[in-house]
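Engineer: Fit chain B to the given chain A structure using the hints.
Residue numbers (the working numbering), protein chains in the order written: chain A, 1 to 238; chain B, 1 to 78.
All the pointers check out, no bait thrown in.
To spell it out: a stretch of chain B is covered by chain A in this simulated footprint if at least three of its residues, at any positions, have a beta carbon under 8 Å from a beta carbon of chain A; those stretches are:
#1 32 to 43
#2 55 to 67
Facing chain B, from chain A, some residues (calculated, C-beta under 10 Å):
#3 Leu189
#4 Ala193
#5 Ala200
#6 Val210
No lab work stands behind these hints, which were simulated from the structure alone. All values derive from a computational prediction rather than experimental measurement. Glycine included, each C-beta is placed from N, C-alpha and C at the ideal position.
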Amino acid sequence: MSWVAHDVEPYVIVRHLGGRVSFLAVLIGSWSPDLVTKWMVYGVTTGISYHTDDPFEFHRGWPGVGPLHSPVFGIAMAIAVLLIFRSHPWAWGLLIGQWAHAFSDTMDSNGVMLLFPFTETRTSVDAWTYAAEHGRTLDTAAYFSSPGLLWDCFWVGMTLVRWRVLSAAYFRDTVLPADPVWGWTGRYLPPQALLVLYRAAFFYGTGRLVAWVLWAHVLNSYEFDFTWGGPGWVKDLE
Amino acid sequence: MPDEPLIPALLEVSKGHPEVSEDPWRETLGTLLLYAVALLAYALLGMYWHFLLSWTRGFLFAFFTIWLLPALFRRWRP
Chain A
1 MSWVAHDVEP
11 YVIVRHLGGR
21 VSFLAVLIGS
31 WSPDLVTKWM
41 VYGVTTGISY
51 HTDDPFEFHR
61 GWPGVGPLHS
71 PVFGIAMAIA
81 VLLIFRSHPW
91 AWGLLIGQWA
101 HAFSDTMDSN
111 GVMLLFPFTE
121 TRTSVDAWTY
131 AAEHGRTLDT
141 AAYFSSPGLL
151 WDCFWVGMTL
161 VRWRVLSAAY
171 FRDTVLPADP
181 VWGWTGRYLP
191 PQALLVLYRA
201 AFFYGTGRLV
211 AWVLWAHVLN
221 SYEFDFTWGG
231 PGWVKDLE
Chain B
1 MPDEPLIPAL
11 LEVSKGHPEV
21 SEDPWRETLG
31 TLLLYAVALL
41 AYALLGMYWH
51 FLLSWTRGFL
61 FAFFTIWLLP
71 ALFRRWRP
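Only chain A is shown next, with the shape it has when bound in the complex:
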């Protein structure tokens, strides 16, 4: 899985596609595969107790919630939004955002069922080790010690190179007019609050990138391993 990439890819996408897609739709599409499933993968014990016996298969396979990572889910969301709301910027935004998530997640060792429902075979580039089955703490430590960290830094860098996408002028001139949802939100929030909401995913993504790297490598001493398929130390746990 990727972590921060899913938060910041939408800014790069919107910078390239401009007002043809809704930023909010791209962002929701980018988060959609994990939005209601990640807690089941790690397991929760607060209030209700739930965890799956095999997170590796449950998260990306079938039976399980794997189809949410398949491009067919993006197509289904886009068709549903088109039929119900007749909004092309939202339909395209959800589709492109979900596809960005799906293709990003082919980078890990678990892979994604890109051609579901025709085949359940998963496509994996195997650039870093998927470690969710070890729990949230070890998964985090492994990811932010692996080429996954470089992948996240790449997308943060891509956004910073296109820094104008984060500017108030870009928000006002391109993002806001493309999506009536901002207008609706503007009934309740002032413009500067909308701007903060627009920038929040980038803030959140880069903030947690810094936080987890400091936690893994300053507070703790997990070893960096940027070799393909790393980190090797988490494979040794299996």
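Structural biologist: What follows is chain B alone, placed relative to chain A:
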């Protein structure tokens, strides 16, 4: 004015706000500094209290730190 198109009205409002300037270079050093300090604070707090690093709490932190606190500060400033 329920029949007024909302987005043009919102655009008019946003043009008049100092934080939503015409020129991106005019987004002041103060705004950038605010984001940098808030981001560092969030990262340092999140490093110790991981529960802050969830989606909802991250967004709440961003929202309250970057918008609400400066807004309150402006209101309280003599």
